[in-house]
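J.: Guided by the hints, dock chain B onto chain A, whose structure is given.
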Amino acid sequence: MMKSTVKAFVFALAALALAGARVDGFAQDVAPDALVKTVTLEVVELIAKDKEIRSGSRAKLVQVIEAKVLPHFNFNAMTALAMGQGWNKATPEQKKRLTEEFKTLLVRTYASALAAYSEQKFDFRPLRAKPADTDVTVNVRVLQPGAQPVTIDYSMEKTASGWKVYDVMVAGVSLVANYRTEFANTVRASGIDGLIGELQKKNRSLERADKQEQK
Amino acid sequence: MRGRALFIILLVANAGCATTGGGNYDDPRDPFEGFNRGVYRFNEEFDEWLAKPVARTYQKVLHQEIRTRIGNFFSNLADPLIGVNNFLQGKFEDGVNDWARFAFNSTFGLLGIHDVASEWGFEKHNEDFGQTFGRWGAGPGPYLILPLLGSSTLRDGLGTGLDIYLDPMGDVRPINLRNSLIVLRATNLRADLLEASRILEEAALDKYVFQRDAYLQRRRSLIYDGRAPREKIE
Numbered sequence: 008m009m010k011s012t013v014k015a016f017v018f019a020l021a022a023l024a025l026a027g028a029r030v031d032g033f034a035q036d037v038a039p040d041a042l043v044k045t046v047t048l049e050v051v052e053l054i055a056k057d058k059e060i061r062s063g064s065r066a067k068l069v070q071v072i073e074a075k076v077l078p079h080f081n082f083n084a085m086t087a088l089a090m091g092q093g094w095n096k097a098t099p100e101q102k103k104r105l106t107e108e109f110k111t112l113l114v115r116t117y118a119s120a121l122a123a124y125s126e127q128k129f130d131f132r133p134l135r136a137k138p139a140d141t142d143v144t145v146n147v148r149v150l151q152p153g154a155q156p157v158t159i160d161y162s163m164e165k166t167a168s169g170w171k172v173y174d175v176m177v178a179g180v181s182l183v184a185n186y187r188t189e190f191a192n193t194v195r196a197s198g199i200d201g202l203i204g205e206l207q208k209k210n211r212s213l214e215r216a217d218k219q220e221q222k
Numbered sequence: 003m004r005g006r007a008l009f010i011i012l013l014v015a016n017a018g019c020a021t022t023g024g025g026n027y028d029d030p031r032d033p034f035e036g037f038n039r040g041v042y043r044f045n046e047e048f049d050e051w052l053a054k055p056v057a058r059t060y061q062k063v064l065h066q067e068i069r070t071r072i073g074n075f076f077s078n079l080a081d082p083l084i085g086v087n088n089f090l091q092g093k094f095e096d097g098v099n100d101w102a103r104f105a106f107n108s109t110f111g112l113l114g115i116h117d118v119a120s121e122w123g124f125e126k127h128n129e130d131f132g133q134t135f136g137r138w139g140a141g142p143g144p145y146l147i148l149p150l151l152g153s154s155t156l157r158d159g160l161g162t163g164l165d166i167y168l169d170p171m172g173d174v175r176p177i178n179l180r181n182s183l184i185v186l187r188a189t190n191l192r193a194d195l196l197e198a199s200r201i202l203e204e205a206a207l208d209k210y211v212f213q214r215d216a217y218l219q220r221r222r223s224l225i226y227d228g229r230a231p232r233e234k235i236e
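Line by line, the protein sequences are chains A and B. Taking the numbering used here, the leading residue of the first sequence gets 8, the next gets one more, and so forth. Taking the numbering used here, the leading residue of the second sequence gets 3, the next gets one more, and so forth.
What the hints contain is simulated information worked out from the structure, not anything from laboratory work. There could be a bad hint or two in this list.
What the hints assert, rightly or not - The calculated DSSO-like cross-link candidates involving lysine-lysine, where the alpha carbons are at most 30 Å apart (straight line), are:
1) Lys-67(A) with Lys-218(A)
2) Lys-209(A) with Lys-54(B)
3) Lys-58(A) with Lys-209(B)
4) Lys-62(B) with Lys-67(A)
5) Lys-96(A) with Lys-110(A)
6) Lys-209(B) with Lys-208(A)
7) Lys-54(B) with Lys-218(A)
8) Lys-128(A) with Lys-54(B)
9) Lys-218(A) with Lys-62(B)
10) Lys-67(A) with Lys-44(A)
11) Lys-209(B) with Lys-67(A)
12) Lys-218(A) with Lys-209(B)
13) Lys-102(A) with Lys-62(B)
14) Lys-96(A) with Lys-208(A)
15) Lys-209(B) with Lys-110(A)
16) Lys-54(B) with Lys-208(A)
17) Lys-209(B) with Lys-102(A)
18) Lys-209(A) with Lys-209(B)
19) Lys-209(B) with Lys-103(A)
20) Lys-93(B) with Lys-128(A)
21) Lys-209(B) with Lys-96(A)
22) Lys-56(A) with Lys-62(B)
23) Lys-67(A) with Lys-54(B)
Pulled out of the complex, with its shape left as it was, chain A reads as follows (with noise of 0.2 Å):
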């Protein structure tokens, strides 16, 4: 059973790195739905045709995302949630920091999720919500031959700037909600500081792991 979370939360992962594309001046007014499902075929198809990022580029993949994926998400928004209501008591200069720092974090897992699992089946489900919605899940199902399908809802709020994620549930696993209890051990035992200095901790070795792999 743990193991299966261990997938879901991986599959949670790849979903949030396949949930965003740029596209100018055309996320403004498309919705929601059409939205992931435009993202997810178009990032799935840049790795599929990319020599570099087919034969292991970390680096050219972390591109990938952020001209792609990241303008669509809300990482203040995240990172607020992850916090609870240690986000109140930070200052901007913490919540600052704290948003990069988390931010670096999931691209990076972001990565290695995606090139883990580019290769599955899509399934977009229609949206069930009301045009005047500002608050909307996007349902998408990730199938894979001989097991359950994993379903991935994005949740989305509609901003000045277009739909924006703000969290990712997948196989019923909110990404948002894991790293609260995290976060909030660490604020209790060492303060917003030291979060900080744990997220920068945990980056520069991820980074330092990735130069090894590549010599």
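T.: This is chain B only, laid out in the frame that chain A set:
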């Protein structure tokens, strides 16, 4: 026998908790954190020194195609019991679907190695006794880490006991064959998850907490078959 072994494990787990108490942060869902972390460390060591290396070798030696067939074979054997659980939860259509899967895959799918049922629109389900108890109204109870089996709760642990007791693999004789099949099934599963577990390790600040929260969220969602009322995060 198998069931009894699991109950003993659960008893020991509970006894241990009573004395060790919680960890550094008292999470009401995980009152036995101190004890759980102990079992967790044991599982991690086992994984690091035995399960993972074996799975890596297995992955290198056997082609992906063959590993998928092996996975399908075991997945097919699990479908009848998944159907039973769907019936017990009152989901008769799903139960019939699961038994139809077993019938088609065992015959046309050559003992299950080809998942033809999925291609024909009979979807694979995820059910077990822990979920059935949850559907009947049982709460998860305290979070538990079971030796070798990993994340669980009191409710899911009891469910797993029944799952293991009724596992068709247990009736295979001779014993040597049974044991080999069980090891093969576990190895195949672990090999499937090599990449996933590496990524989890990278994403988590505290792997124990990360895994626990994901497990609890996941089980809640499974009990509602993916339609759980959303827990509001403020």
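J.: Against each hint, give a clear statement of whether it holds in the structure.
T.: Hint by hint, here is what the structure shows:
1. Lys-67(A) with Lys-218(A): holds (14 Å)
2. Lys-209(A) with Lys-54(B): holds (23 Å)
3. Lys-58(A) with Lys-209(B): Violated - the C-alpha atoms of Lys-209(B) and Lys-58(A) are around 33 Å apart, more than 30 Å.
4. Lys-62(B) with Lys-67(A): It holds: about 27 Å lies between the C-alpha atoms, which stays within 30 Å.
5. Lys-96(A) with Lys-110(A): holds (20 Å)
6. Lys-209(B) with Lys-208(A): holds (15 Å)
7. Lys-54(B) with Lys-218(A): Holds - the C-alpha atoms of Lys-218(A) and Lys-54(B) are around 23 Å apart, at most 30 Å.
8. Lys-128(A) with Lys-54(B): Holds: Lys-128(A) and Lys-54(B) sit about 28 Å apart, inside 30 Å.
9. Lys-218(A) with Lys-62(B): holds (24 Å)
10. Lys-67(A) with Lys-44(A): holds (22 Å)
11. Lys-209(B) with Lys-67(A): holds (28 Å)
12. Lys-218(A) with Lys-209(B): Within the cut-off at roughly 23 Å; holds.
13. Lys-102(A) with Lys-62(B): The hint is violated at about 45 Å.
14. Lys-96(A) with Lys-208(A): Holds, at about 22 Å.
15. Lys-209(B) with Lys-110(A): Since the Cα atoms of Lys-209(B) and Lys-110(A) sit roughly 19 Å apart, the hinted pair holds (cutoff 30 Å).
16. Lys-54(B) with Lys-208(A): holds (26 Å)
17. Lys-209(B) with Lys-102(A): Holds, because 24 Å separates the two Cα atoms, which is no more than 30 Å.
18. Lys-209(A) with Lys-209(B): The given pair, whose Cα atoms are some 12 Å apart, holds under the 30 Å limit.
19. Lys-209(B) with Lys-103(A): At roughly 25 Å apart (the allowed maximum being 30 Å), Lys-103(A) and Lys-209(B) satisfy the hint.
20. Lys-93(B) with Lys-128(A): holds (27 Å)
21. Lys-209(B) with Lys-96(A): The hint holds at about 26 Å.
22. Lys-56(A) with Lys-62(B): holds (26 Å)
23. Lys-67(A) with Lys-54(B): holds (29 Å)
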